[in-house]
Amino acid sequence: MSAEVSEGVDELGARLKAYEGRAAAVAGVGKDPVNAPMIRHWCEAMGDTSKAYRGPGAIAPPTMLQVWTMGGLSGHEGRTDAYDELLGLLDESGCTSVVATDCEQEYPRPLRPGDEVTFDAVIESVSDRKTTKLGTGYFVTTRMDVRVGGELAGTHRFRILKYAPARRKSQAERPRRPRPVVNRDTAGFWEGVAQHRLLIQRCTGCGTLRHPWLPGCNACGCLDWDTVEASGEGTVYSYVVMHHPPFPAFEPPYAVGLIELAEGVRMVSNVVGVPYDKVRIGLPVRVEFRGYEDEEGALVLPVFRVVEGEG
Amino acid sequence: MGSETRAHRPVAGAELPPLEIPITRTLIVAGAIASRDYQDVHHDAELARQKGSPDVFMNILTTNGLVGRYITDHFGPSAVLRKVAIRLGAPNYPGDTMVLTGRVEEVDGDTATVRVVGANAIGRHVTGTVTVSVPAPSAVSDGEAAS
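These protein sequences, in sequence, are chains A and B.
For the first sequence, the numbering used here assigns the number 1 to the initial residue and increments by one for each residue that follows.
For the second sequence, the numbering used here assigns the number 1 to the initial residue and increments by one for each residue that follows.
Any given hint could be a false lead.
As the list claims (entries may be wrong) - Okay, derived cross-link-like pairs now, BS3-like style, lysine-lysine, Cα gap no bigger than 25 Å in a straight line:
1) A:133 to B:51
2) B:51 to A:130
3) A:51 to B:83
Rather than coming from a laboratory, the hints here were simulated on the basis of the structure.
Based on the provided sequences and hints, a complete structural model is requested.
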């Protein structure tokens, strides 16, 4: 999968850029008010014995700014779908690892115990594809304003690198993606896919469409057929999320969708463009032909991307 | 009493005494949890290795906190951090030691810009700039400074 971020035209990069300027968090609310116990735990960890952070009139260490906005184990409230999508796209392309690289904070007003913070963040920029020692990926920069009662208390610019780890060894060890079974009954379908056309079999006896491809018609038994090209539009008819057992070529969790094409037939495929846990029945999708490459050679598969503005 | 611990007035060109931080597993985990950062690479060595890292490593919030502490330890509790901007390089892994050093680059009235570097055995863990205001002793009441 990481091959996708290390070769060829940077189609992904263009898609990621579209998220620049979009909100990453809207009207987030700190899970806890600024409070003395959390300040004390922080100071203990840091070995910070400053008097400024204890007793009456204490302030919170300014460098704790981000702490008051953290989701912890219970999730990030206020985070937007746009930001989840952006991270989802990166995960999907193999950029599953993340490391924080930069943090720039300004503190216009000290935070004190009792202050309740709110925050808004914007996706400031997404870099071009970069190859670093860690691997190849993209830098994502967000900028957050932290407020107390509407008053700006801090600004927080944060940059992360989402990357596909550079691990030559495990790359080579990664099992090959399974190949479709192509025989004389299904060859026509895969020839279509190779040309980025999604072909549906049609019985020339009764006109019934069918998928997957079969030698004869289930409706009338006729053995003659031709094809119609699908529009590529469809909806998620059903889906499952694979967690266990892991299949060597794929990294769980991932969603497997049963897609109902606009023409009425259904096919099993991947749903892409949203995180696995955002796939829903009825989600509008459109076919996309995705190239895969491994030791065994190149492979094109039809997958279904969630239609913009959905999910 | 308080005035003794905040005796350092920023002077352009002055070097801050280095601060050695032993990078223990405890520091890494305590820092991550105190900052509510539950990313597995900061507390679970096995999962960190699966992600290509040799061990758990310090999170950026802890680094940020240590940089802030380095500055306020030096300038005293009346010093006010205005801005902390850091960039991470070589990770802080358990067993290493990070040595923080700083140099006052610029002073404008009460406000100084300090360039900070935190070096470990692999290289530069952090480079950054801190803007800090250090009120003149007369501007701070004794009670406030020493309480």
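Consistency of the hints with the structure:
As the CA atoms of residue 133 of chain A and residue 51 of chain B are separated by approximately 14 Å, the hinted pair is consistent with the 25 Å bound. With a CA separation close to 19 Å, the supplied pair residue 51 of chain B and residue 130 of chain A stays within the 25 Å bound. For the hint linking residue 51 of chain A to residue 83 of chain B, the alpha-carbon distance of about 20 Å falls within 25 Å, and the restraint holds.
This entry satisfies every hint, going by the numbered hints stated previously.
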